[in-house]
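In case you want the letters, here they are:
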Amino acid sequence: MKVPDLGTTLTTSTKFKVVDTSVPKVDGYALVKGKTVFTDDFNIPNALVVKILRSPHAHAIIRFVDASEALALEGVVCVLTHKDVPRVAYTRAGQGYPEPSPYDTFVLDKKVRYVGDAVAIVAAETEEIANRALKLIKVEYEVLPAVLDYEHASDDGMPVIHDEPEISGAYDPSRNIASHYEMHIEDVDKELAKCDVVVEGTYYTPNPSHAMMEPHTAISYFDPNGRLTIISSTQVPYHVRRIIRHIFGVESRVIKPRIGGGFGGKQAIHVEAYVTAVTLKTGRPARCVYTREETMTATNTRHAMRFKVRVGASKDGKLRVIDMDGLSNTGAYGEHALTTFMVAGSKTLPLYNKVKAVRFKGDVVYTNIEPAGAFRGYGAPQSMFALDSALDELAYKLGMDPIDFKLKNSIREGETSPVFRMMGEGREGVEQIIQSCKIEECALAGAKLFNWYEKKKRPKVKGTKARGCGVAFAMQGSSIPAIDMGGATIKMNDDGTFNLMIGATDLGTGSDTILAQIAAEALHTTTDKFIVYSSDTDVTPFDKGAYASSTTYVSGNATKRAAERMAQEILKAASEIMDKPIEELHLEDGKVISESGHSITYSEIQTKLFYSFKQRQLEVTESFVSEVSPPPYMVSFAEVEIDLETGKVDVLNFLSYVDCGTPINPKLARGQVEGATVQGIGMVLYEEHVFDKNGRMVTNDFFTYKIPSRKDVKNIKVEFAKSYEPTGPFGAKSVSEIGLDTPAPAIANAIFDAVGIRVKKLPIKSEDIFFALKNMAKSL
Amino acid sequence: MKVEFKVNDRKHSIEIEPGELLVETLRRLGYKSVKHACDTASCGACSVQLDGNPVLSCRTFTAAVDGHEIKTVEAFSKEGELSAVQKALVEEGAVQCGFCIPALVVTAEALLNENPNPTEEEIKTYLNGNLCRCTGYVSQNHAIMKAAELRRNSASVPAGNQGELS
Ligand code: FES
Ligand code: FES
Numbered sequence: 009m010k011v012p013d014l015g016t017t018l019t020t021s022t023k024f025k026v027v028d029t030s031v032p033k034v035d036g037y038a039l040v041k042g043k044t045v046f047t048d049d050f051n052i053p054n055a056l057v058v059k060i061l062r063s064p065h066a067h068a069i070i071r072f073v074d075a076s077e078a079l080a081l082e083g084v085v086c087v088l089t090h091k092d093v094p095r096v097a098y099t100r101a102g103q104g105y106p107e108p109s110p111y112d113t114f115v116l117d118k119k120v121r122y123v124g125d126a127v128a129i130v131a132a133e134t135e136e137i138a139n140r141a142l143k144l145i146k147v148e149y150e151v152l153p154a155v156l157d158y159e160h161a162s163d164d165g166m167p168v169i170h171d172e173p174e175i176s177g178a179y180d181p182s183r184n185i186a187s188h189y190e191m192h193i194e195d196v197d198k199e200l201a202k203c204d205v206v207v208e209g210t211y212y213t214p215n216p217s218h219a220m221m222e223p224h225t226a227i228s229y230f231d232p233n234g235r236l237t238i239i240s241s242t243q244v245p246y247h248v249r250r251i252i253r254h255i256f257g258v259e260s261r262v263i264k265p266r267i268g269g270g271f272g273g274k275q276a277i278h279v280e281a282y283v284t285a286v287t288l289k290t291g292r293p294a295r296c297v298y299t300r301e302e303t304m305t306a307t308n309t310r311h312a313m314r315f316k317v318r319v320g321a322s323k324d325g326k327l328r329v330i331d332m333d334g335l336s337n338t339g340a341y342g343e344h345a346l347t348t349f350m351v352a353g354s355k356t357l358p359l360y361n362k363v364k365a366v367r368f369k370g371d372v373v374y375t376n377i378e379p380a381g382a383f384r385g386y387g388a389p390q391s392m393f394a395l396d397s398a399l400d401e402l403a404y405k406l407g408m409d410p411i412d413f414k415l416k417n418s419i420r421e422g423e424t425s426p427v428f429r430m431m432g433e434g435r436e437g438v439e440q441i442i443q444s445c446k447i448e449e450c451a452l453a454g455a456k457l458f459n460w461y462e463k464k465k466r467p468k469v470k471g472t473k474a475r476g477c478g479v480a481f482a483m484q485g486s487s488i489p490a491i492d493m494g495g496a497t498i499k500m501n502d503d504g505t506f507n508l509m510i511g512a513t514d515l516g517t518g519s520d521t522i523l524a525q526i527a528a529e530a531l532h533t534t535t536d537k538f539i540v541y542s543s544d545t546d547v548t549p550f551d552k553g554a555y556a557s558s559t560t561y562v563s564g565n566a567t568k569r570a571a572e573r574m575a576q577e578i579l580k581a582a583s584e585i586m587d588k589p590i591e592e593l594h595l596e597d598g599k600v601i602s603e604s605g606h607s608i609t610y611s612e613i614q615t616k617l618f619y620s621f622k623q624r625q626l627e628v629t630e631s632f633v634s635e636v637s638p639p640p641y642m643v644s645f646a647e648v649e650i651d652l653e654t655g656k657v658d659v660l661n662f663l664s665y666v667d668c669g670t671p672i673n674p675k676l677a678r679g680q681v682e683g684a685t686v687q688g689i690g691m692v693l694y695e696e697h698v699f700d701k702n703g704r705m706v707t708n709d710f711f712t713y714k715i716p717s718r719k720d721v722k723n724i725k726v727e728f729a730k731s732y733e734p735t736g737p738f739g740a741k742s743v744s745e746i747g748l749d750t751p752a753p754a755i756a757n758a759i760f761d762a763v764g765i766r767v768k769k770l771p772i773k774s775e776d777i778f779f780a781l782k783n784m785a786k787s788l
Numbered sequence: 003m004k005v006e007f008k009v010n011d012r013k014h015s016i017e018i019e020p021g022e023l024l025v026e027t028l029r030r031l032g033y034k035s036v037k038h039a040c041d042t043a044s045c046g047a048c049s050v051q052l053d054g055n056p057v058l059s060c061r062t063f064t065a066a067v068d069g070h071e072i073k074t075v076e077a078f079s080k081e082g083e084l085s086a087v088q089k090a091l092v093e094e095g096a097v098q099c100g101f102c103i104p105a106l107v108v109t110a111e112a113l114l115n116e117n118p119n120p121t122e123e124e125i126k127t128y129l130n131g132n133l134c135r136c137t138g139y140v141s142q143n144h145a146i147m148k149a150a151e152l153r154r155n156s157a158s159v160p161a162g163n164q165g166e167l168s
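Sequence lines, in order, name chains L and Z.
Count along the first sequence starting at 1, add 8, and that's the number in our numbering.
Count along the second sequence starting at 1, add 2, and that's the number in our numbering.
So here's chain L without its partners, still in its complex pose (with noise of 0.2 Å):
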């Protein structure tokens, strides 16, 4: 490689060496080995443990609260409350700054508006004691009429939840809306009025819980020096950082370890704000860890959608009309409650970009029930249930095959949609012209590969069981474009390694991996020269953190640049120390090689600029800001079986055929989407919170609230589509939300397929198959 050619000739070249290969994970053996590398694996002396006194009713007003029998008890250091820590508003959001996010939460409020909600924060010395304290704090409510029916929480003569003055942000809090949005293109109308066929339906998506296994935690401390210090299981460590410096008016360093899991339910600061209290209060170190229960009451879990949907297209299959009006449930706070609506649209109209009319509106309500907030997907999956359904339904009534029909009306490189202009996240989007997209490849030969059209012409029904197939389109996003920026620095060392220290918040994913690979490419040497740390606020350079599938495209872009420039300083210092001129080096294997034959290595290098010649520490920091969002793509095919005695549906094949690019590590990618996939199934058949008369979770456990375990799991396949991004670094888009987008629909299409039952409501229960197929056989 010529220095002339540095960066571009690897951009465009598809032969790889690191990159598109299965490298192990960097963390993978310290993982498997079960080393201490989750918060609560940390040894911190002298912490106290912290609990959260929470609320009993869905909203009333803390007439007050009387700690004295527990603060009397032994081994309690402090109980506080509101009147305890600064009313300062801000959103638990872990979003870009200002966030598009209202502020309206308090570390504690003088009002509760969930059950759940916090009331007191308990430090003791053993977890015991701090059980023991809880019971005793004695509080006087004035329970306030609660809002649990989203559809009807904008009602006339509706309870106001959120009353306080000090709040920001919210479209119309007097009734009870944190968000609104509404665009529209040409009139939906009078285009609906030119259509030969018209589909319309309600549907209805439910407010599912992350179940990450690691339940969330962070301690803080003070530092020998006096700064404080925060580990947290967070996806966000600079957003904690910064709304912790917001609240408390205290400078932090957030420390993000290994994490077990997010999916965006980390993407908010939850025990961050409780633990510095605590340590500002009493200079102890503070720890606190969620009990499953608190993680399953009183986090975030996904917005809860209604989408009201009229497409239309004429004779032809030409798709003429998207009308989507929505209505999204935030709970008790307005975390990503704008701009999960958006994305909702955002992420999903673009893909059928030769429409003609197309409307997107909506409010995102408050309700007196846990608060939603960023889940995988981050809205997608709830719209493209109810738009990709409906569309499945028109091509049944146009007769087409639904391939055909979507494929004849989705995009193509080249191409753009008005709505990327129009719709970003939170606020306008930003234009862009499509320049990698395989989505006929995906469905085409993702067809050939399920068999497609021969399992489509066998009879449904054999004996008790009817079978049927659906297929559904997606597309997601790479980051969240002119907002979110990332950095990655690399250093040299004397032995032929580097350090490659990046923001970017690995939280199971791969990413400090994939983001080694990357710099391994660059810099022609392999993963294992690098020694990666990541998400320290006080040595890594800054990152957003992981959301909005940004850090293979963000941070990964970010880390190219770095080792390009990385590499060029090797290359100047090479020349220096070989005296030949920089044109006649390249690099290969971890050497500078010479056109004459020489050769030095990147540890010779280091080590003669460390002791003897020109000396110097060779380091760089490389910053990326997204300036577009190239979608990656997916088609996902499902097979089901319905027991027609029982209303069963079990999931016997799911096949997903993806376009994200060059994938930098595929088995790692792979990874991504079958767990989407079968989050994703969790969703459509299992995953359902049920709450009682007054607003109290009652599934607030993995005994009652069902995830998927291994034997729900039947054939799951995921293939990728030959794609290569040119703005994306090696050619990468992004992977690990895209998952979620297709399981609804191609699950519900498919039931469809099988019994002819049009599912619109999440999840799927037997019970309503077996009722509906009882229906069908009366009206016989």
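Hint data in this document are derived by calculation from the structure and do not stem from the laboratory.
All values derive from a computational prediction rather than experimental measurement.
Certain hints may be false.
[Stated by the list, open to error] Here are the simulated lysine-lysine pairs, DSS-like style, with alpha carbons at most 25 Å apart:
#1 Z/Lys-148 / L/Lys-719
#2 L/Lys-769 / L/Lys-656
#3 L/Lys-143 / L/Lys-91
#4 L/Lys-722 / Z/Lys-148
#5 L/Lys-473 / Z/Lys-126
[Said to hold, decoys possible] From chain L, some residues computed to sit far from chain Z (all C-beta separations above 10 Å):
#6 Pro-106
#7 Glu-148
#8 Pro-214
#9 Leu-236
#10 Asp-333
#11 Ala-490
[To be verified] Partner residues aside, some chain Z positions facing chain L, computed with beta carbon under 10 Å:
#12 Phe-7
#13 Glu-19
#14 Lys-34
#15 Ser-44
#16 Cys-45
#17 Phe-63
#18 Phe-78
#19 Lys-89
#20 Glu-94
#21 Ala-96
#22 Val-107
#23 Val-108
#24 Val-140
#25 Gln-142
Where is the CB? At the ideal position from N, CA and C, for every residue including glycine.
Keeping the supplied structure of chain L fixed, place chain Z with the ligands upon it in accordance with the hints.
Chain Z with the ligands in isolation, oriented as in the chain L frame:
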């Protein structure tokens, strides 16, 4: 009260509280690989081997293991060398966040001791109590099949050390 038991061949003789659960004791003793992820015996993240059989340490009283032998994941990678199960899990990309992994290794090792040649269905059944929210299970089941094969092919490895790769 006082109890004595072995963890990974190391003897512990300690005072415990009445009603103390094994998961708490083990974490207190520094075996942090044992995770506590639920309160309803539903997730399997706390699994350890008790005399070679997988048990939920969140549902086992420490008093009950007096005189017995516990194995945590640390027992399976002697001198840093990974067991066949561990190696296959890393190689197959079956370790995402890793929170479920120590317990998965411990349980899978017990399975392969009982049944060196399990079918995928047998793996799913035996490990059904080990929840994983990240991987969707596909790669994990695959890795365990692969580990079983590796173990069978290296049957010359001395007993008790099965699956160790050198
Ligand atoms: S901690 Fe969940 S089963 Fe023991
Ligand atoms: S790897 Fe995260 S829970 Fe299994």
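Status of the hints after comparison with the structure:
With a C-alpha separation of about 19 Å, the suggested pair Z/Lys-148 and L/Lys-719 falls inside the 25 Å cut-off, and the hint holds. For the hint pairing L/Lys-769 with L/Lys-656, the CA-to-CA distance comes to about 16 Å; that is within 25 Å, so the pair holds. Proximity of L/Lys-143 to L/Lys-91 is assessed by CA-CA distance (about 20 Å); at most 25 Å being required, the pair is judged to hold. Between L/Lys-722 and Z/Lys-148 the alpha-carbon distance is near 18 Å, which keeps this suggested pair within the 25 Å criterion.
For the suggested pair L/Lys-473 and Z/Lys-126, the alpha carbons sit about 24 Å apart, so the restraint of at most 25 Å is met. With a least beta-carbon separation of about 31 Å from chain Z, L/Pro-106 lies farther than 10 Å from that chain, consistent with its non-interface assignment. No beta-carbon of chain Z comes within 10 Å of the beta-carbon of L/Glu-148; the shortest separation is about 29 Å. Every C-beta of chain Z lies more than 10 Å from that of L/Pro-214, the closest at about 17 Å, which supports listing it as non-interface.
No beta-carbon of chain Z comes within 10 Å of the beta-carbon of L/Leu-236; the shortest separation is about 24 Å. With a least beta-carbon separation of about 33 Å from chain Z, L/Asp-333 lies farther than 10 Å from that chain, consistent with its non-interface assignment. The claim that L/Ala-490 is not at the interface with chain Z holds, since no C-beta of that chain comes within 10 Å of its own (minimum 30 Å). Violation of the interface hint for Z/Phe-7 is found here, the shortest Cβ-Cβ separation to chain L being roughly 19 Å, above the 10 Å cut-off.
The interface hint given for Z/Glu-19 is met, as the beta carbon of that residue sits about 8 Å from the closest beta carbon of chain L, less than 10 Å. The closest approach between the C-beta of Z/Lys-34 and any C-beta of chain L is roughly 4 Å, which is under the 10 Å cut-off, so the hint is satisfied. For Z/Ser-44, the suggested interface contact is upheld, since its CB lies about 4 Å from the closest CB of chain L, less than 10 Å. Of the supplied interface hints, the one on Z/Cys-45 holds, with its beta-carbon coming within about 5 Å of a beta-carbon of chain L, less than 10 Å.
A least Cβ separation of about 16 Å between Z/Phe-63 and chain L goes past the 10 Å threshold, and the interface hint is therefore violated. Satisfaction of the interface hint for Z/Phe-78 is found here, the shortest Cβ-Cβ separation to chain L being roughly 8 Å, below the 10 Å cut-off. The beta carbon of Z/Lys-89 is positioned within 10 Å of a beta carbon in chain L (closest approach about 8 Å), and the interface hint is therefore held. Residue-level restraint check for Z/Glu-94 holds (minimum Cβ-Cβ distance to chain L is 7 Å; threshold 10 Å).
For Z/Ala-96, the interface hint holds, the least distance from its beta-carbon to any beta-carbon of chain L being 7 Å, beneath 10 Å. The restraint placing Z/Val-107 at the interface with chain L holds, with a minimum CB-CB distance near 7 Å, inside the 10 Å limit. Taken as an interface hint, Z/Val-108 checks out: its beta carbon lies about 9 Å from the nearest beta carbon of chain L, inside 10 Å. The interface hint given for Z/Val-140 is met, as the beta carbon of that residue sits about 5 Å from the closest beta carbon of chain L, less than 10 Å.
Given the 10 Å rule on beta carbons, the hint for Z/Gln-142 holds: about 8 Å separates it from the nearest Cβ of chain L.
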